[in-house]
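Engineer: Each chain is listed here by its residues.
Number of protein chains: 2
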Amino acid sequence: MYKNLKNKVATPVIRRLPVYYRKLSDCVEQGRDRISSQELSELCGFSASQIRQDLNHFGGFGQQGYGYNTALLRDEIAQILGIHNRYKAVVVGAGRLGTAIFEYEGIRKSGFDIVALFDNDPKKIGMKVEHVTIEPADELLHYIDHHQVDVAIITVPKTAAEEIIRRLDAHGIRGIWNFAPVDVNVTHSIVENTRINDSILKLSYYLQHGR
Amino acid sequence: MYKNLKNKVATPVIRRLPVYYRKLSDCVEQGRDRISSQELSELCGFSASQIRQDLNHFGGFGQQGYGYNTALLRDEIAQILGIHNRYKAVVVGAGRLGTAIFEYEGIRKSGFDIVALFDNDPKKIGMKVEHVTIEPADELLHYIDHHQVDVAIITVPKTAAEEIIRRLDAHGIRGIWNFAPVDVNVTHSIVENTRINDSILKLSYYLQHGR
Numbered sequence: 001m002y003k004n005l006k007n008k009v010a011t012p013v014i015r016r017l018p019v020y021y022r023k024l025s026d027c028v029e030q031g032r033d034r035i036s037s038q039e040l041s042e043l044c045g046f047s048a049s050q051i052r053q054d055l056n057h058f059g060g061f062g063q064q065g066y067g068y069n070t071a072l073l074r075d076e077i078a079q080i081l082g083i084h085n086r087y088k089a090v091v092v093g094a095g096r097l098g099t100a101i102f103e104y105e106g107i108r109k110s111g112f113d114i115v116a117l118f119d120n121d122p123k124k125i126g127m128k129v130e131h132v133t134i135e136p137a138d139e140l141l142h143y144i145d146h147h148q149v150d151v152a153i154i155t156v157p158k159t160a161a162e163e164i165i166r167r168l169d170a171h172g173i174r175g176i177w178n179f180a181p182v183d184v185n186v187t188h189s190i191v192e193n194t195r196i197n198d199s200i201l202k203l204s205y206y207l208q209h210g211r
Numbered sequence: 001m002y003k004n005l006k007n008k009v010a011t012p013v014i015r016r017l018p019v020y021y022r023k024l025s026d027c028v029e030q031g032r033d034r035i036s037s038q039e040l041s042e043l044c045g046f047s048a049s050q051i052r053q054d055l056n057h058f059g060g061f062g063q064q065g066y067g068y069n070t071a072l073l074r075d076e077i078a079q080i081l082g083i084h085n086r087y088k089a090v091v092v093g094a095g096r097l098g099t100a101i102f103e104y105e106g107i108r109k110s111g112f113d114i115v116a117l118f119d120n121d122p123k124k125i126g127m128k129v130e131h132v133t134i135e136p137a138d139e140l141l142h143y144i145d146h147h148q149v150d151v152a153i154i155t156v157p158k159t160a161a162e163e164i165i166r167r168l169d170a171h172g173i174r175g176i177w178n179f180a181p182v183d184v185n186v187t188h189s190i191v192e193n194t195r196i197n198d199s200i201l202k203l204s205y206y207l208q209h210g211r
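Going down the list, the protein sequences come from chains A and B.
Throughout the first sequence, residue numbering follows this note's numbering, covering 1 to 211 in sequence.
Throughout the second sequence, residue numbering follows this note's numbering, covering 1 to 211 in sequence.
So here's chain A without its partners, still in its complex pose:
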């Protein structure tokens, strides 16, 4: 049912789904087999009514007086999130962040297999990270033409990121996971921006004003 959602789900709901997934996975790991929306609320920091409302978007799953079966709800959310799909990804920018992403097992667990790394630094080109050789950045589009690539992960500096994202979008890539602090208007691709710098500014705010 949730594979073809009839109504568009609002961004804040989608932002909370990974949190539910993470908390429910922890519960399952700890051997906890059921949970009330109130208990889930305490774990997640969203109100119980918010949680019930969110999950109703996707058809409910809870039972009055029982709560939620943690493993079942986790698996349902995993399916809503599409975790069991497999995607091929390339990393553009084989610096420390790019290689950190490359090695991060959470990426693989979430359905993304990184098949290639690109960089424009001649000193890096040809080097291996695990079993993958770093390729020249100017062969990126050629590579995409000849291999299945669903997602590009952008870890190059701000100055280079805009142009690369624009080209990848024009080239028809499905997904772009962007770590550079730029916003690019795309026409085709789905872009997810991770703003590491916004996080540190939030911390800075709270250090000054208190929580």
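The list treats identical chains as interchangeable, and a pair is accepted whether it falls inside one copy or across any two copies.
Heads up, simulated DSS-like pairs for lysine-lysine below, C-alpha to C-alpha not over 30 Å straight-line: (1) K123 <-> K158; (2) K8 <-> K109; (3) K88 <-> K158.
Hints in this document: simulated from the structure, not taken from any laboratory.
Place chain B on chain A using the hints.
Structural biologist: Then chain B, alone, in the frame of chain A:
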């Protein structure tokens, strides 16, 4: 005035402040010296009335019929965010992510100077990243006792992160920037969590369901 905010500002407002700061910085860089809330709305993706409401929390700044002076508003937001404060930070976990954070100039620009790196891998201890030597993780608390450390940046795996965060909190550290996918109930510290994995799950959702 905004150094001692009388009313607690809601989390979503604080989450938008870094976005305003980033967009206004881009405007100033591009030589654009004024901007209406409508134009700022198009850049940020929040409604113009949302923006006016947010900025009213901190005293307004806009002028009817003129809009905002970009440099002035950027500087005001910088002060609200506390960017001009300097904090001393340590990185716990000198893997690829930890060293990527260490080298990321955005951190320094946001007011954080990383003064030490810790790891529990004997092969890493004693190695240098730029001018800083990697120290043994079990000397972390001792180090904090003898140096000014405002913030700890946690880039260790999930399994180790919980215990380290608990200890740092008990030890009275002011701020913790946590990259591990754990939530720890702290009593003292201000914790900012950056959830890289939640981002990839959001992307996965949109790849399945469309934007």
